[in-house]
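Asker: Below, each chain spelled out in residue letters.
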Amino acid sequence: MQALTTRVKEVDRKPMNFWERIYLPAVVKGMAITFSHMFKKRPTVRYPEQKRPFSPVFRGLHVLNRDEEGRERCTACGLCAVACPAEAITMEAAERKDGEEGLYREEKYAARYEINMLRCIFCGLCEEACPKDAIYLTETFTPANFARKNFIYGKPDLLIPNPKTEEAAFAEAKGLNN
Amino acid sequence: MADTPLFKVTIDNITIEVPAGTSILEAARKIGGEVAPPAMCFYSKLKGSGGKCRTCLVEISKGSEKDPRPMPKLQASCRTTVMDGMEVKNITSPKVQDARAGVVEMLLINHPLDCPICDQAGECHLQDLSYEHGKSGTRYEFQRRTFKKHSLGDYIQLHMTRCILCYRCVFTADQLTESREHGILDRGDHAEIATMIEKNLKHDFIGNVIDVCPVGALTDRTFRFKNRVWFTKPVDAHRDCEKCCGEVQLWMRGDEVFRVTARKDEWGEVKEASNGKTGWICNECRFEKKHINDWVIEGPSEVNRHSVISQGHYVGRVKPKETVEEVMDGVKPRIFLQIHEVSEVNKPTVDLSLIQGPAHSNNFVTSNQ
Numbered sequence: 001m002q003a004l005t006t007r008v009k010e011v012d013r014k015p016m017n018f019w020e021r022i023y024l025p026a027v028v029k030g031m032a033i034t035f036s037h038m039f040k041k042r043p044t045v046r047y048p049e050q051k052r053p054f055s056p057v058f059r060g061l062h063v064l065n066r067d068e069e070g071r072e073r074c075t076a077c078g079l080c081a082v083a084c085p086a087e088a089i090t091m092e093a094a095e096r097k098d099g100e101e102g103l104y105r106e107e108k109y110a111a112r113y114e115i116n117m118l119r120c121i122f123c124g125l126c127e128e129a130c131p132k133d134a135i136y137l138t139e140t141f142t143p144a145n146f147a148r149k150n151f152i153y154g155k156p157d158l159l160i161p162n163p164k165t166e167e168a169a170f171a172e173a174k175g176l177n178n
Numbered sequence: 001m002a003d004t005p006l007f008k009v010t011i012d013n014i015t016i017e018v019p020a021g022t023s024i025l026e027a028a029r030k031i032g033g034e035v036a037p038p039a040m041c042f043y044s045k046l047k048g049s050g051g052k053c054r055t056c057l058v059e060i061s062k063g064s065e066k067d068p069r070p071m072p073k074l075q076a077s078c079r080t081t082v083m084d085g086m087e088v089k090n091i092t093s094p095k096v097q098d099a100r101a102g103v104v105e106m107l108l109i110n111h112p113l114d115c116p117i118c119d120q121a122g123e124c125h126l127q128d129l130s131y132e133h134g135k136s137g138t139r140y141e142f143q144r145r146t147f148k149k150h151s152l153g154d155y156i157q158l159h160m161t162r163c164i165l166c167y168r169c170v171f172t173a174d175q176l177t178e179s180r181e182h183g184i185l186d187r188g189d190h191a192e193i194a195t196m197i198e199k200n201l202k203h204d205f206i207g208n209v210i211d212v213c214p215v216g217a218l219t220d221r222t223f224r225f226k227n228r229v230w231f232t233k234p235v236d237a238h239r240d241c242e243k244c245c246g247e248v249q250l251w252m253r254g255d256e257v258f259r260v261t262a263r264k265d266e267w268g269e270v271k272e273a274s275n276g277k278t279g280w281i282c283n284e285c286r287f288e289k290k291h292i293n294d295w296v297i298e299g300p301s302e303v304n305r306h307s308v309i310s311q312g313h314y315v316g317r318v319k320p321k322e323t324v325e326e327v328m329d330g331v332k333p334r335i336f337l338q339i340h341e342v343s344e345v346n347k348p349t350v351d352l353s354l355i356q357g358p359a360h361s362n363n364f365v366t367s368n369q
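Protein chains in written order, with this note's numbering: chain A, 1 to 178; chain B, 1 to 369.
Excised from the complex, chain A in its bound form (with noise of 0.2 Å):
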């Protein structure tokens, strides 16, 4: 019969011979093996002190954006919740009063904004589909969490920090820090 690949070991089914009744250079052997690996580069980080840097593609969090104004740039048009596939994000529209032109960029905006991280499966496709680049999914994880009603996050949750009133915790926000 033909071998698929040039590793193929056959089975050894032959009766032990003294030297490897004893075990002892197994375990030698073994020992070695490992013992070699003391002086090999260390493939892990130290986690929390040390982090990988994450790729140019990678999908985290979402984060709902301000314009440069430190307005709100969601409008509530539904296309990220009709674009998820995991059906994980519902809002509620309002329209925005005279005097509140400084929080909200258009004259519609969302006043409640959640996305079911239970559900989420971090997917993209929101982001994709908002034509006001609202929303953005970052570089961070979604943090653990005791009890599944946490996982529920609304507006605050998501919302950037006010670019002009907090500076800042924007600034953290944006990773301008490290």
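Simulated from the structure, these hints should not be mistaken for laboratory data.
Take the hints with a grain of salt, since some may be wrong.
In silico lysine to aspartate or glutamate, EDC-like type, Cα no more than 20 Å apart, as pairs [stated by the list, open to error]:
#, chain 1, residue 1, chain 2, residue 2
1, A, K155, B, E341
2, A, K97, B, E87
3, B, K149, A, E106
4, B, K149, A, E101
5, B, K148, A, E87
6, B, K148, A, D133
7, B, K30, B, E87
8, B, K289, B, D236
What follows is a list of derived Cβ distance ranges for each label pair [claimed, not checked]:
#, chain 1, residue 1, chain 2, residue 2, range
9, B, H360, A, A169, 23 to 31 Å
10, A, A147, B, H360, 27 to 35 Å
11, A, K51, B, R145, 27 to 35 Å
12, B, G330, A, E10, 51 to 59 Å
13, A, F146, B, R139, 54 to 62 Å
14, A, K51, B, V303, 34 to 42 Å
15, A, A169, B, S307, 37 to 45 Å
16, B, R139, A, P131, 15 to 23 Å
17, A, A147, B, R139, 50 to 58 Å
18, A, S36, B, V327, 46 to 54 Å
All residues carry an ideal CB built from backbone N, CA and C; glycine is no exception.
Assemble the complex: chain A is given as a structure, and chain B must be docked to it using the hints.
Answerer: Below, chain B without anything else, positioned relative to chain A:
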């Protein structure tokens, strides 16, 4: 009309016999499908409509049996009547396709393209038209014409920036109501739909201007920003109404009635009622009956499978049987998260659809967000 002669007309190599006096557009609609040219201003139920938007341009390659010369220019099919032996090219003519792309570009010159905000998005004829016939870019580099949005009464919202001046609403107001209170002011680039001296529109049937509007210029204020059309479910329903036929389409989500519109046919026009009368509905049905108990539900409306409105609606879906209880000897599956206890959106106790006009920030203050 027994004495009306039948004319043979060939549209895109399909021959059909229609009575004399029929327009090419209506003959093409009898064939149906792709052959029918799109129409933004023509409305078969409104006398005098058509001839304004030029989206229905067709090439007439043979005038008639007696005069077989082709017409030198493209003709507006809604206003050109058929002749015996006429040959018309619509989708088979590259000239027509090219002209239509130009017309779409022209219609979009002053259009703000604010579809993410617009309530008409998803059922907008201009959206469909520009997807099918338009180009992705524009060559226009000047400031777009802008107007301030304003309300025509409590029920109708006018966004003049989105208007393409099809005059359908003017004909509706003229033909359905006794006193016409709105019309077009100014001329040319400045022309706008307006009510004289900010007069409210009070007539019982004036709400129908919302249904005839092909774009989002006239929208329902009671539905404004409440939901997107593709998240609501269209349902046929009726009620006994003294003023109108009472046959409507409800746009529902759960048990909430978000919007009431007249039933539309495949060309986006108001359907005839089942008793043969006109399908226009009155303001009371449209704006004031937002409770499920006001209506007798007939069943889900038929929606074109390619429309965004059909998203999430599956025809003939079979749900698999829940087997947990059987296998676990009657023990019900434990639910770890009741979404309505946590989520602030779509609370069962809050009915956004019952708020008069659009929701504002004060409607959301009760939440902790």
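Asker: If a hint holds in the structure, say so; if it does not, say that too.
Answerer: The hints, checked one at a time:
1. K155(A) to E341(B): holds, 17 Å
2. K97(A) to E87(B): violated, 56 Å
3. K149(B) to E106(A): Holds, at about 13 Å.
4. K149(B) to E101(A): Cα-Cα ~16 Å, so holds.
5. K148(B) to E87(A): Roughly 36 Å between the alpha carbons, so the hint for K148(B) and E87(A) is violated.
6. K148(B) to D133(A): violated, 26 Å
7. K30(B) to E87(B): This hinted pair holds, its Cα atoms lying about 16 Å apart.
8. K289(B) to D236(B): It holds: about 14 Å lies between the C-alpha atoms, which stays within 20 Å.
9. H360(B) to A169(A): 23 to 31 Å: Given a distance of about 28 Å, which is inside 23 to 31 Å, the answer is holds.
10. A147(A) to H360(B): 27 to 35 Å: holds, 33 Å
11. K51(A) to R145(B): 27 to 35 Å: violated, 52 Å
12. G330(B) to E10(A): 51 to 59 Å: Given range 51 to 59 Å: holds, Cβ gap about 56 Å.
13. F146(A) to R139(B): 54 to 62 Å: holds, 58 Å
14. K51(A) to V303(B): 34 to 42 Å: Because 49 Å falls outside the window, the suggested range is violated.
15. A169(A) to S307(B): 37 to 45 Å: holds, 43 Å
16. R139(B) to P131(A): 15 to 23 Å: Holds, at about 22 Å.
17. A147(A) to R139(B): 50 to 58 Å: holds, 56 Å
18. S36(A) to V327(B): 46 to 54 Å: For V327(B) against S36(A), whose Cβ atoms are near 52 Å apart, the range 46 to 54 Å holds.
In this structure, the earlier hints numbered 2, 5, 6, 11 and 14 are contradicted, and the remaining ones agree with it.
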